[in-house]
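*Asks:* Read in the working numbering, the sequence shown has 855 at position 116, and its numbers run on one by one without any break.
The set of hints was computed from the structure by calculation and includes no laboratory data. Given the structure is predicted, the values throughout are model-derived calculations rather than measurements. All C-beta atoms in this analysis are idealised placements derived from N, C-alpha and C, irrespective of residue type, glycine included. Possibly wrong hints are sitting among the right ones.
Between beta-carbon pairs, the in silico distance windows are [to be verified]: (1) 891 <-> 986: 16 to 24 angstroms; (2) 795 <-> 887: 17 to 25 angstroms; (3) 930 <-> 838: 43 to 51 angstroms; (4) 846 <-> 930: 39 to 47 angstroms; (5) 925 <-> 748: 45 to 53 angstroms; (6) 847 <-> 986: 18 to 26 angstroms; (7) 795 <-> 919: 19 to 27 angstroms.
Mimicking BS3-like on lysine-lysine, the simulated pairs with C-alpha atoms at most 25 angstroms apart in a straight line are [to be verified]: (8) 943 <-> 986; (9) 1008 <-> 778; (10) 887 <-> 842; (11) 933 <-> 887; (12) 842 <-> 807; (13) 1008 <-> 986; (14) 930 <-> 943; (15) 965 <-> 930; (16) 778 <-> 887; (17) 943 <-> 933; (18) 887 <-> 965; (19) 943 <-> 887; (20) 943 <-> 1008; (21) 986 <-> 842.
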Amino acid sequence: MSGKISDNGKMPVLFIGHGSPMNIIQDNSYTQSLSRLGKELPEPEAIMVVSAHWMTDGTYVTCNEKPKTIYDFYGFPRELYDIDYPSPGSPDKAEMACQIARKVPVECSNQWGLDHASWAVLKHMYPEADIPVFEMSIDYSFNEWHPKMMQYHYDMATELRELREQGVLIIGSGNIVHNLSLIDFMNVNAKPYKWAVEFDEKVKTNLLSGNHRDLIEYLNMGETAKLAVPTLDHYLPMIYTIALQEKGETLEFTHEGFQHASVSMRCFKIE
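Work out the full structure, taking the sequences as your base and the hints as a guide.
*Replies:* Dropping the structure here:
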């Protein structure tokens, strides 16, 4: 049974570390935490996923009435490609996102669907695929990391807060630590690297204290940051999530841990 919406009428906000596509078919502490979330959260009118796997020049939302399931991964068991997630889209809520974003243009797109940053997570949370879902892309037109670029994403995300009042569950889907060049692909339970744990713990501390500045300028967190975040694609969805945190809202970790030594599966909820 779903929980009740908060007293202020706002939907919670989530950050989900989605990890390997293999989680789609696995029963582990991570996927079990997603199943619990789906039962505990208030039922959304729609879900918007800020996806680490939809990188664009500019910012877009999917306005499809029936978004296709995208298999944006290669070399995995046939079973994964046989799974479908036929949720309806939410063109009205997607268009609302375009209207309320004023600092940065947000445009509709019918050229994308639901990549695994969305459906690999939602398959566990809402297995019936009966809640409308749309995605938001991440503007990846910047050539390199810069504090102003990180602030650009944070500021843009703050404008989306109104969606929470309209029954939209916003999910940032990426990974705080995500280094595929050093991954132990064959062992999901491999002991995490010391640098990975160190950076993940620093992020945890800053999340709990509300120190968004160091999370935005994450290179200030030491040398481990370069190994933990070699590219921004999986880190930026977390920036979108914290930008939606309002004064007085609490942050709760719904899952902690690592997979394959170099991927943090940390997840949290803001409400």
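*Asks:* Now tell me if each hint is right for this structure.
*Replies:* How the hints compare with the structure:
1. 891 <-> 986: 16 to 24 angstroms: This hint holds: roughly 22 angstroms between Cβ atoms.
2. 795 <-> 887: 17 to 25 angstroms: 19 angstroms, holds
3. 930 <-> 838: 43 to 51 angstroms: With a Cβ separation near 48 angstroms, residue 930 and residue 838 satisfy 43 to 51 angstroms, so the hint holds.
4. 846 <-> 930: 39 to 47 angstroms: Holds - the Cβ-Cβ distance for residue 846 and residue 930, about 44 angstroms, lies within 39 to 47 angstroms.
5. 925 <-> 748: 45 to 53 angstroms: With Cβ atoms ~47 angstroms apart, the hint holds.
6. 847 <-> 986: 18 to 26 angstroms: Since residue 847 and residue 986 have Cβ atoms about 32 angstroms apart, the given range 18 to 26 angstroms is violated.
7. 795 <-> 919: 19 to 27 angstroms: Hint holds: Cβ distance 21 angstroms, inside 19 to 27 angstroms.
8. 943 <-> 986: Holds, at roughly 18 angstroms.
9. 1008 <-> 778: 14 angstroms, holds
10. 887 <-> 842: Holds - the C-alpha atoms of residue 842 and residue 887 are around 14 angstroms apart, at most 25 angstroms.
11. 933 <-> 887: 30 angstroms, violated
12. 842 <-> 807: 30 angstroms, violated
13. 1008 <-> 986: 15 angstroms, holds
14. 930 <-> 943: 19 angstroms, holds
15. 965 <-> 930: The given pair, whose Cα atoms are some 20 angstroms apart, holds under the 25 angstroms limit.
16. 778 <-> 887: 38 angstroms, violated
17. 943 <-> 933: 15 angstroms, holds
18. 887 <-> 965: With a Cα-Cα distance of about 18 angstroms, the restraint between residue 887 and residue 965 holds, given a limit of 25 angstroms.
19. 943 <-> 887: Distance of about 23 angstroms is within 25 angstroms: holds.
20. 943 <-> 1008: 13 angstroms, holds
21. 986 <-> 842: With Cα atoms ~22 angstroms apart, residue 986 and residue 842 stay inside 25 angstroms; holds.
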